[in-house]
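Colleague: Sequence:
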Amino acid sequence: MRVRTRFAPSPTGYLHIGGLRTALYAYLWAKKNGGDFILRIEDTDRNRLVEDACEIIYRTLKDTGLVYDEGPDVGGDYGPYIQSERKQLYIDTAKELVERGAAYYCFCTKERLQKLHEDAGGAAVKYDKHCLSLSKEEVERRIAAGEEYVIRQNIGTEGTAEYDDLVYGHISVPLADMEDQILLKSDGMPTYNLANVVDDHYMKISHVIRGMEYLSSTPKYNMLYDALGWERPVYIHLPPVMKDKTRKLSKRYGDASYEDFIGKGYLKEAVINYIALLGWNPGDNREIFTLEELTEAFDLKGISKSPSIFDNDKLTWMNAEYIRAMDDETFKKKAAPYVVSSVGEGFDLDIIAGLIKPRIETWNQIGEMIGFLRDLPEYDTSFFFNKKTKCTPEKSVDMLIAAKEELEKLRAFDVVSIHDSMIALAEKLEVKNGLLLWPLRIALSGQLVTPGGAIEIAALLGKEESIRRIDKALSMLS
137 MRVRTRFAPS PTGYLHIGGL RTALYAYLWA KKNGGDFILR IEDTDRNRLV
187 EDACEIIYRT LKDTGLVYDE GPDVGGDYGP YIQSERKQLY IDTAKELVER
237 GAAYYCFCTK ERLQKLHEDA GGAAVKYDKH CLSLSKEEVE RRIAAGEEYV
287 IRQNIGTEGT AEYDDLVYGH ISVPLADMED QILLKSDGMP TYNLANVVDD
337 HYMKISHVIR GMEYLSSTPK YNMLYDALGW ERPVYIHLPP VMKDKTRKLS
387 KRYGDASYED FIGKGYLKEA VINYIALLGW NPGDNREIFT LEELTEAFDL
437 KGISKSPSIF DNDKLTWMNA EYIRAMDDET FKKKAAPYVV SSVGEGFDLD
487 IIAGLIKPRI ETWNQIGEMI GFLRDLPEYD TSFFFNKKTK CTPEKSVDML
537 IAAKEELEKL RAFDVVSIHD SMIALAEKLE VKNGLLLWPL RIALSGQLVT
587 PGGAIEIAAL LGKEESIRRI DKALSMLS
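Each residue of the sequence shown is one higher than the one before, counting from 137 in the working numbering.
Derived by calculation from the structure, the hints in this document are not laboratory data. Treat each hint with caution, since some may be false.
With beta-carbon atoms standing in for the labels, derived distance ranges [claimed, not checked]:
#1 T293 / E432: 46 to 52 Å
#2 E232 / K441: 35 to 41 Å
#3 L185 / H266: 17 to 23 Å
#4 G257 / S220: 50 to 56 Å
#5 S308 / G212: 53 to 59 Å
#6 K437 / L252: 34 to 40 Å
#7 R495 / D213: 48 to 54 Å
#8 D447 / D534: 47 to 53 Å
Here the structure is a predicted model, which means the values were calculated and not measured. The beta carbon of each residue, even a glycine, is placed where N, CA and C say it ideally should be.
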């Protein structure tokens, strides 16, 4: 059996973490076994469609490296890959199920269904099979008269439905707990209950990988497979990704999507690596994987039954590990757009890259870290106090006057020249380096913490701007 998996999202917005993890596991299992990974768009819920959502899905999967072998925008032998374009196939299948006694026409109005609900005291109530007893002739007469109808699945009332899931094991659900769900809506569009079965069969999906919320519904789907004489797929249901111990991650509640994390300065490689470990254990202590390494290591036996809590701090740590592992040229190339957007052009990128690479965890921290280069922030003279260097505002005045005189003499204003000049000045003044460099760094940056010392900052600012900032500090201290 050739392994064929699918990712079947609804185009209702950005691709969120839980959905991306499902896509990742489906991709990994297919590629691990030399099989095919298929993208299918489930757009039968027309009321929830979001414009451009399909493009977001295509872009996200390709950006993360989860390249699908078949899909709406790449084609394939089993299309169309958008459900709304397969409408007639669902209608024909639903009618076949009626002929086989596995489904029936239902003409119940919204008012009747509402009354069932009201008669139950407002509690949830199953459909009462009211239309199951209609004769074939009456059904044909009412259809011919233009009455609105749906097609419902005909589920027995006694016994159990059973199947095996590769993660959760043997699943058994009493038929009495199931409802005659709608398969085909009054507008001729299928519900998920019918469409997922029809599509998975005709697209030859061998392994269905999806969230555990479908565990209890899967027996209904299996009844459709059996009624039509189709082979059931292998099921792998995944535990949820949680926001905390009680709440699931959900786009409905505004939890971050993949593109949100990219927008916050996370690397796509780190995001994929992290979500792979949300519910799957490689069987050893490894935490850092390339996509190729994940493909090689992935095994369904490593999938947990327990929910996973999304830990943003852990993702941030992992992202930092990816940044540290970059060679200097790659880091500089990736950091450059963030540097330019933060401080503009004209600053020495080599110096900046050397200062920030050991310190940042996400790209968006670059702006927070070096923004003072473009605009000197407002700061207080209390910044010039420093117990370690024994610096005070009074001593700072003397240090800044001396430093300004030496810096003004320099012809070459680079890191080496500034360093040699300041070290020589500290020796001449018979003070420790820190006593000289602390007030200079405050004057140049207006910050207590910077990604580098006074020497590097001065070199980045240039002579004119450095002198201007020193003058401002002296005016504040006078």
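Colleague: Each hint needs a verdict: does it hold in this structure or not?
Modeller: Hint by hint, here is what the structure shows:
| no. | hint | verdict |
| --- | --- | --- |
| 1 | T293 / E432: 46 to 52 Å | 49 Å, holds |
| 2 | E232 / K441: 35 to 41 Å | 36 Å, holds |
| 3 | L185 / H266: 17 to 23 Å | 32 Å, violated |
| 4 | G257 / S220: 50 to 56 Å | 38 Å, violated |
| 5 | S308 / G212: 53 to 59 Å | 36 Å, violated |
| 6 | K437 / L252: 34 to 40 Å | 45 Å, violated |
| 7 | R495 / D213: 48 to 54 Å | 51 Å, holds |
| 8 | D447 / D534: 47 to 53 Å | 50 Å, holds |
In summary, the numbered hints that this structure violates are 3, 4, 5, 6.
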